Amino acid sequence: MNIGILSAFIFFLIFFYSSVNSLLFENVNNTGFLPTIFTFVYFLLIIGFTTYMFVALRHLFLLGRSSRQNIYFNTMIVFFLLASVSARFITSDELSFISATFIVVSTMLMVINSLRISWIAFLTKKEKITLLFLSVVITVLFIVNANNTGNESLMLLSFSKPFNVFISLILIYGAIYFSVLFFTTLFHIPTAEVFDRKAQEVSSLQYFSKLITQVLDFDELTETVTDITTKVSDADASWIIWKENDEFIPIANKNIGFVDSDLINKFILQKINWNDLSETKFLMLTEFDELVKVSNLYKALTVSPLKAHGKVKGLLVAIRKDEDRFNEEDKKAIATFSDYASVAIENSGLLEESIEKERLEKELDVAREIQKKILPEKNPFYDELEISSVFIPAFEVGGDFYDFFEISKTKLGFVIADVSGKGISAAFIMAEVKGIFESLSKTIESPKEILINANDILKHTLDTKTFVSAVYGLIDIEKGQMKISRAGHCPVILLRNDIAKSVKPSGIGLGISKDDHFKEHLDEVTIDLEENDAIVLYTDGITEAKNESLEDFGEKYFTEVLLENRNNNVDEISRKVIQEVTMFSHNHSQYDDITLVLLKWKPRQSKEGGRDRQKIKKDGDKEWQNSAHQL
Amino acid sequence: MAEFSTSIVNKGDVSIINLSGYLDAHTAPTLENNFTELIDQNKFKVVVNFNDLAYISSAGLGVFMAYIENIRNNNGDIKLTNMNDKVFNIFDLLGFPLLYEIFKTEEEAVKKFSESSGVGSK
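From first to last, the protein sequence lines are chains L and D.
Just so you know, we're using the numbering used here here: the first sequence kicks off at 1 and counts up by one.
Just so you know, we're using the numbering used here here: the second sequence kicks off at 1 and counts up by one.
Careful: at least some of the hints might be erroneous.
As the list claims (entries may be wrong) - Pairs of lysine to any residue, SDA-like flavour, derived with a Cα cap of 20 Å:
{"#": "1", "chain 1": "L", "residue 1": "K556", "chain 2": "D", "residue 2": "N89"}
{"#": "2", "chain 1": "D", "residue 1": "K86", "chain 2": "L", "residue 2": "F405"}
{"#": "3", "chain 1": "L", "residue 1": "K556", "chain 2": "D", "residue 2": "K86"}
{"#": "4", "chain 1": "L", "residue 1": "K556", "chain 2": "D", "residue 2": "L93"}
{"#": "5", "chain 1": "L", "residue 1": "K434", "chain 2": "L", "residue 2": "P376"}
{"#": "6", "chain 1": "L", "residue 1": "K514", "chain 2": "D", "residue 2": "D92"}
{"#": "7", "chain 1": "L", "residue 1": "K519", "chain 2": "L", "residue 2": "T443"}
{"#": "8", "chain 1": "L", "residue 1": "K514", "chain 2": "D", "residue 2": "G21"}
{"#": "9", "chain 1": "L", "residue 1": "K281", "chain 2": "L", "residue 2": "S342"}
{"#": "10", "chain 1": "L", "residue 1": "K459", "chain 2": "D", "residue 2": "K86"}
{"#": "11", "chain 1": "D", "residue 1": "K86", "chain 2": "L", "residue 2": "S549"}
{"#": "12", "chain 1": "L", "residue 1": "K372", "chain 2": "L", "residue 2": "S342"}
{"#": "13", "chain 1": "L", "residue 1": "K459", "chain 2": "D", "residue 2": "L93"}
{"#": "14", "chain 1": "D", "residue 1": "K86", "chain 2": "L", "residue 2": "Y591"}
{"#": "15", "chain 1": "L", "residue 1": "K125", "chain 2": "L", "residue 2": "P190"}
{"#": "16", "chain 1": "L", "residue 1": "K514", "chain 2": "D", "residue 2": "Y100"}
{"#": "17", "chain 1": "L", "residue 1": "K546", "chain 2": "D", "residue 2": "K11"}
{"#": "18", "chain 1": "L", "residue 1": "K504", "chain 2": "D", "residue 2": "K86"}
{"#": "19", "chain 1": "L", "residue 1": "K514", "chain 2": "D", "residue 2": "K86"}
{"#": "20", "chain 1": "L", "residue 1": "K378", "chain 2": "L", "residue 2": "F404"}
{"#": "21", "chain 1": "L", "residue 1": "K311", "chain 2": "L", "residue 2": "N347"}
{"#": "22", "chain 1": "L", "residue 1": "K313", "chain 2": "L", "residue 2": "D339"}
{"#": "23", "chain 1": "D", "residue 1": "K86", "chain 2": "L", "residue 2": "V503"}
{"#": "24", "chain 1": "L", "residue 1": "K271", "chain 2": "L", "residue 2": "K313"}
{"#": "25", "chain 1": "D", "residue 1": "K86", "chain 2": "L", "residue 2": "E551"}
{"#": "26", "chain 1": "D", "residue 1": "K86", "chain 2": "L", "residue 2": "N547"}
{"#": "27", "chain 1": "L", "residue 1": "K519", "chain 2": "D", "residue 2": "E101"}
{"#": "28", "chain 1": "D", "residue 1": "K86", "chain 2": "L", "residue 2": "E548"}
{"#": "29", "chain 1": "L", "residue 1": "K514", "chain 2": "L", "residue 2": "I452"}
{"#": "30", "chain 1": "L", "residue 1": "K459", "chain 2": "D", "residue 2": "P97"}
{"#": "31", "chain 1": "L", "residue 1": "K514", "chain 2": "D", "residue 2": "R72"}
{"#": "32", "chain 1": "L", "residue 1": "K378", "chain 2": "L", "residue 2": "Y298"}
{"#": "33", "chain 1": "L", "residue 1": "K442", "chain 2": "L", "residue 2": "I424"}
Stated by the list, open to error - Quick list of simulated restraints, FRET-style, between CB atoms:
{"#": "34", "chain 1": "L", "residue 1": "D289", "chain 2": "D", "residue 2": "D40", "range": "33 to 41 Å"}
{"#": "35", "chain 1": "L", "residue 1": "D456", "chain 2": "D", "residue 2": "D40", "range": "28 to 36 Å"}
{"#": "36", "chain 1": "L", "residue 1": "S506", "chain 2": "D", "residue 2": "N10", "range": "31 to 39 Å"}
{"#": "37", "chain 1": "D", "residue 1": "G12", "chain 2": "L", "residue 2": "E346", "range": "44 to 52 Å"}
{"#": "38", "chain 1": "D", "residue 1": "E37", "chain 2": "L", "residue 2": "F258", "range": "21 to 29 Å"}
{"#": "39", "chain 1": "L", "residue 1": "E564", "chain 2": "D", "residue 2": "K104", "range": "31 to 39 Å"}
{"#": "40", "chain 1": "L", "residue 1": "E287", "chain 2": "D", "residue 2": "K104", "range": "55 to 63 Å"}
Worth flagging that the hints you see were computed from the coordinates, not collected in a lab.
Computed from a predicted model, the values in this text were never measured in an experiment.
Cβ coordinates follow ideal geometry from the N, Cα and C atoms, glycine included.
In isolation and in its complexed conformation, chain L is listed as follows (with noise of 0.2 Å):
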């Protein structure tokens, strides 16, 4: 509701009425006599203006209260009529007093209601020097008629004389309202300035903590700091000036271009130290060489730190075209609300990355269940081989990949691989990596042959930047034989006897070259395998497992604990492996995931029968997934 728009209009109603009002009292007085009908008329011109005017009045005595409280306007109203009707009444002197009494309290009840003018404290300081303008004409306009001696109201007495007071007193209650309402609006247009200030800042600190609560997009959240500021600071123009990858860009820019901003930024920037600005800061732009090429002539500016975490996030600007600078009441105010800003921007930062974290943890939440589910769920089953195999995830999904191929009774193919990358793309990766050595491990039984088709494969699929490291080995049961070939993987460890040997074929990694190189380069070897030997497959994930200090385990350790325990079974061997990972590495999280593959030839076991399958119990917080040794 725009009070001052309303009060206006109706003042200029009464103003309108008052000037027709003397105007026609001026017509009466010059014609002298005329037919009455034309006195009739201004009569009941007169009645409907009073009434209007009476409305209008009322009105302005309702603003800003509830109509309960009306109990003293309907009192004054019974006076005034009591007055207009003794006046008609009661015409010997001596009862005269009658109607005077209820004059004079009419006029108590009169300054009574004049005084409920509150509402015009929340004017604004303009609408505030309009309404005294007003005041000022309508109240001499008021008393002008009120005073009215002349033929006219002589003519309203002879017309009706309580009409006559009737009128008389509601002229007087317009004089002493808006007189009344002329100096409390006097008085109060000194302090309006501030009051308005003030009355800003509570409506925008509220709208503003409401905004803390609510605003989820960054952008948005900028857009109202500045809007706010223009508006609290009575300022021109506001930006922030944000810091992003070392660049000071403005940012929700109100009221001014970028380019504008983005040239006082650098004035700014001369002038103020980034990281030790603590508080607003003034700044006069008459010292700014380059402020000609500014559109408009600004004059002065004011610099607050938004900060988040102790550290300067970003600078928020207001900036003024008019000579005066801003006061310390407008510091006080960008200040203040530079603050919630700050809280907002750094609340808005927070939930941010709390999302990003949220989504990644998702992500990894789903590498880890693909690659879960890519992983075989057992052990193939041999009578000459023991077969162990344990896979602990990282956190961030890592990419290793191992799987068994029972090609027949006879004839055992197997795969490790670990994908460059991490996370859902590595997992991606992997699937697809199992999907091609699934498929060609049916129709191709040499490991050369079948790394150099899933190279040609993935050299296509992969993006530049990713490679994946495979092992692919078969064992022929009936021969006694593996051969292995290595595409850029790990070495495969035989153990045999008390030695360890590293078996490392030539070859590149998969997606790794484009042409012709990788199948010139990969070689496969064969081995005889001899009772007790037994194949260690692995990642780097072992290996490159860090202590606090950031030494690898090392391939030099992890074959000295093999061949210690060398002649113990499979899942005895591996379980020994992974305790002495986890306990070189118990103060260093694992970085990357670790595959340990172990295949024990047993030829003559075959002959005893009985076998056994047991899972490994779980090691500390670390899974272990799918072993499994026969005896």
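Once you've looked at the hints, dock chain D against the given chain L.
Leaving out everything else, chain D in the frame of chain L:
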């Protein structure tokens, strides 16, 4: 993980990128930017000095793969020098020495460029 930084030195028409610290998935973009800049400036003779590099992950290796094709197509090459044993071992396992020229010293690599008059050897 730990810090990673690069610096570029020009020796004639050969650009030398010095690496130090840990090159992994998080720090790889720095090196990627270096390569992009060099390619933008039509500098295709690149020597990467690993002298101060402590660790390289598979994502770090990927950086070299990403740019080698473009650089060789422009008669340039990426030559690698001054690797410590650990870093070399990682390159070696993956067969990088079969695809990239790896030298003991920076001088050898720069010299190789002038001998082959800018034609990539592989």
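Next item on the list: Identify every previously stated hint that the structure contradicts and give their numbers, smallest first.
Entry: The structure conflicts with hints 2, 8, 10, 12, 17, 19, 32 and 33, although it agrees with all the remaining ones.
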